[in-house]
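With these hints in hand, go ahead and build the complete structure from the sequences.
Chain by chain, the residues run as shown.
Protein chains: 4
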Amino acid sequence: MSNQLRIGLLGLGRIGKLHAANIAAFADKAVVAAAADPLADGDIARFADGLGISDLSKDPYDVINNPDVDALFICSSTATHAEFIIAGAKAGKHIFCEKPIHTDPAKIREALDTVKECGVKLQVGFVRRFDHNHKKVRDVVASGRLGAPHTVKVTSRDPDIAPLSYLETSGGIFMDMTIHDFDMVRYLVGSEATEVTAYGSVLINPEIKAFGDADTVVVAMKFENGALGVIDNSRRAPYGYDQRTEVLCEKGCVRAENDLNDTATISTVEGVEAAKPTWFFLERYNQAFIDETLAFTDAVLNDKDTPVTGEDGLQPVYMALAAEKSMREGRPVKLSEVKGETE
Amino acid sequence: MSNQLRIGLLGLGRIGKLHAANIAAFADKAVVAAAADPLADGDIARFADGLGISDLSKDPYDVINNPDVDALFICSSTATHAEFIIAGAKAGKHIFCEKPIHTDPAKIREALDTVKECGVKLQVGFVRRFDHNHKKVRDVVASGRLGAPHTVKVTSRDPDIAPLSYLETSGGIFMDMTIHDFDMVRYLVGSEATEVTAYGSVLINPEIKAFGDADTVVVAMKFENGALGVIDNSRRAPYGYDQRTEVLCEKGCVRAENDLNDTATISTVEGVEAAKPTWFFLERYNQAFIDETLAFTDAVLNDKDTPVTGEDGLQPVYMALAAEKSMREGRPVKLSEVKGETE
Amino acid sequence: MSNQLRIGLLGLGRIGKLHAANIAAFADKAVVAAAADPLADGDIARFADGLGISDLSKDPYDVINNPDVDALFICSSTATHAEFIIAGAKAGKHIFCEKPIHTDPAKIREALDTVKECGVKLQVGFVRRFDHNHKKVRDVVASGRLGAPHTVKVTSRDPDIAPLSYLETSGGIFMDMTIHDFDMVRYLVGSEATEVTAYGSVLINPEIKAFGDADTVVVAMKFENGALGVIDNSRRAPYGYDQRTEVLCEKGCVRAENDLNDTATISTVEGVEAAKPTWFFLERYNQAFIDETLAFTDAVLNDKDTPVTGEDGLQPVYMALAAEKSMREGRPVKLSEVKGETE
Amino acid sequence: MSNQLRIGLLGLGRIGKLHAANIAAFADKAVVAAAADPLADGDIARFADGLGISDLSKDPYDVINNPDVDALFICSSTATHAEFIIAGAKAGKHIFCEKPIHTDPAKIREALDTVKECGVKLQVGFVRRFDHNHKKVRDVVASGRLGAPHTVKVTSRDPDIAPLSYLETSGGIFMDMTIHDFDMVRYLVGSEATEVTAYGSVLINPEIKAFGDADTVVVAMKFENGALGVIDNSRRAPYGYDQRTEVLCEKGCVRAENDLNDTATISTVEGVEAAKPTWFFLERYNQAFIDETLAFTDAVLNDKDTPVTGEDGLQPVYMALAAEKSMREGRPVKLSEVKGETE
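Chains as they are written, first to last, in numbering that gives the first Met the number 0: chain Y, 0 to 342; chain W, 0 to 342; chain B, 0 to 342; chain R, 0 to 342.
As the list makes no split between identical chains, a pair holds if one copy fits it or if it spans any two.
Distance condition first, Cα-Cα at most 20 Å in a straight line; then the derived DMTMM-like pairs of lysine to aspartate or glutamate:
hint	residue 1	residue 2
1	115	302
2	28	42
3	16	61
4	250	159
5	115	311
6	134	282
7	16	27
8	324	194
9	28	302
10	134	272
11	208	249
12	89	310
13	250	206
14	250	272
15	120	290
16	208	223
17	28	54
18	98	112
19	89	67
20	338	310
21	250	157
22	250	269
23	115	304
24	134	269
25	134	311
26	57	42
27	115	310
Because the hints were derived from the structure by calculation, they are not lab data.
Encoded structure:
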């Protein structure tokens, strides 16, 4: 490989475009050499052209099999991730794949096995690990200066609920939304969950009851190392994207607050006003999206481990399945139960 | 009754002394007319003398039956609360009783029934309801301006674990410590819990495993109104008493942070330092202890409802029993199950 | 002297009452043995009676000459302070005197000389030195861990402008209001000012132009040790009492923010709301008023230096006179100039 | 002009490179068509090549007279700014010029007159106006919702003092550093200063005494609208770049704090640690540098007024001259005095 990574991008939807733009603007050592999208006309073609991506196809296999491509960014629909990972690995490409790899652990395992056999690198797009705030929490815990973790808390709320059409095919709140938080608790605590209990309510959009989903959930959990955890999610926090993490350890506690739009406060006789959190994930995780791209480029070019592995892509799926089962059956679900069923 | 409330105080331990001193210093309309403590010599006698309490006995019934006493402050050991409530009510005294009334709901019910029959007022010492921060959270929720509550979160951690001798007879972490938080979630959400799931770990003092207690717990719960809740407790937060509350509602979120020792920050090349939370409950709830006393005095003198009723004393005990059962049996426990067993 | 300090209180206006109540409630080792006020009837008599002050007179000399009194609290009108200090010192009483001792440095010097000759202790009521926030700033600077102070900043704003009748006889904003901040900068920096420049505007109540006062001022200054300083005052900050201090030092910066009414924040689609600062000096400096009383009691009973000396009472008066002169004459005024004129 | 702005960049030092990179990455409607730098070899040539700038010269007039260039970015040394503005304006180019235009108001006036005659647009690089925090303060004041401004405060401190070689030719702290803050107070208050008084000390590097400069200054000032102001500067705040603004108005106060590296806090028995401010101006004003570029592009392409005018470039120079004179002569200096001398 040359000293520049040649990337083939699969899928030019919102996230694909974001990665393409970030690579163009910020990744000195990477370039988007080719891209594919089933709708590779009109807007998408103009977007690719604007970034100087000359090799644009409607067929993903044009990119996967392109000898001029070193690595794939898989930003296509979730259902295609595992297939493209397998094909890409077999074609000798390193792979960055958006989360989740699949909702079926067996399919994920198959993809991970192929990646391993083919000796390529894989990074999963759990972008929040690159957020400056969460990363600081994790770094403090991982440094050991606070001793063993005792309790981890993650608050994760979207600014507004997605349209019903999206929610209906989202895979449910645990697989669609909490999966980021399942990754986060693992990342922060450095241990695997052994059991989860999930409570869910429909408090925002009653129509989602029709397909058995919830819009407000609380998940309690235990970890192998004895730590306890809790995640609270809401599909709608009207004040903005609420993303906070906290780990209580033996010798102290580390917490991260939201980023705010600005630091100004306005004090009047009515009270004190401050800015709201940055609106949504594109604002809050703007730099993190850039940084995960740089980290992947660095891992491939310098033959390092990727900072989010295939295993990191698999474990949160087990947690989501266990949480879903817990909510539906009204009982705690051990991770071993879910792993046994599906492996 | 005159326009001054004449109080008889049962128990001059730490909390009894605190109430006595607060009444003396801050309650213009109340006076400690009599007190009893089994150890009413030496230090306790000097303390009483210093406050001008001339009528001091070793026998609580001297106070309970004292015709010169309008109301009792029951600050004796937990095991005696229900008995003294019943005796006091029968003697026509209004009653302020420290929490919990009893650990057996049947005994509490008997006491509450007697209070009702005798037509006296009863206030339970859930002092945190009077904290300026938690109260603000509750007032905002109760005002309805944020719409229905969706998720309630309570973090409650002691600065250090109590001695083993204390823990051994404490009734367990749920009855001894979480009970305040069970009261708090009811207070904040304005609804009754229907089910709880509790996880507990022993991460601070391994010796408590001997009597089946935990020192680190997470409790998830559902409420009648659909809201979800979570409490996290630790017997030791080395940075101080950590008492935070939060309610996410339909139209917004209200959160309270800790009070700090001071507002100063020190910025150096090493970083920015700020003050820790106030050390423990006597510092944090200093004003709240005064205010609950004033509220009780006001309720009795002006024939208002007390702000923390006998029912408020009973419900958290059910929650503690359910949490204990959930942790021991590894399953969610409905409140109805606990109520059915014990009523 | 016995192990209890017997205090004679001169003046039972707002501040006199506050001190009397604090001594009664919080000073175990002090008691108000006698008090005098020209209006010692009605409300004042009832107030004294409620605190158990049996010896109440209309003549201050009844208290000053009372052999049963160890120390005086001078809370009468400013014009009487120096006279009462002199008389009290000659009568062998230790003295706590409200600020300022006088607006004429010569009169202050005379009082201080008498105090010195008579060998009694004197503490001046610069209560803000006892505030937990400002004290933390000062302690950090005084500890030397941040090296030499370079810049000191004090923001001090009242929540609302006083009535014209008060302002007219207040001695002007520098002597009435900034004097506290002149004390504060000396306390924080640990050095004497050598020169001040003051700018003033009338932006709140145009009627004060009639007597040459300002309601909004900025004072810049230099200190002997090379540090620079700035004070900004306003007679009206509609959001409440704004009291902040900051010292930039060689190795870092220490800053204190306001105390707030509570720590709750409310996040909605409109923004984030927080509590205002505590309303005015009785709320903000509530504990500081208690602590200065305890410090005085301790200094007298245990023969220590008082924490705010007579010299501390004099220097801010020079600074106020220099600031006044600077504003009126439109030029920097050296402290030596003011001291030369008046000594 | 086409719908894309063709920019000629003069000077590819640190700021020139920053603008070039920002235009390339973020300005969809602008492109760097040509550049000039006296050292246009080696690193600079590689930099230009990396951004696709093919037209690179050592002679600025190659760019100024390039018919293919619509607008100039003047990022060369200060001494050349006025000359290039005049030449550029005569060549019909719109101009973005780094601050200050010149240290001699007469030269600035000549440049502004030429700009006016030639009918081109001019924007001066006071980048802090585009900072999200300061801009919020200004927008709140300018909205009028808080009424008239009474007091403006600006704290502006560099993380570390520049090398002596830089300081010696910097023009002095007022012209080099405070000039940004002079622009800021004008921006925030919306009025012109009428008089300033400056105090300066040498507390960081004693060697600067040799050329009469100061490293720690406080500047107090009055505005036409009656408002008062204060700026405090330090060449070294070891904890990082300290940039705070505050305006007290008739009906309230608006303040902006620093941006921090992250929002995490670490609480231990030793205290609470938080992140420091972002290190220096490239970090703190990163987005602001982008936004001023976009604003200039928008102003030119859509024929709007630029948000920082030539007059905005001139007034702070007067203020810097007056402050310098005040510090040297130990007296307040009216702006009219400085304007009279030099116009």
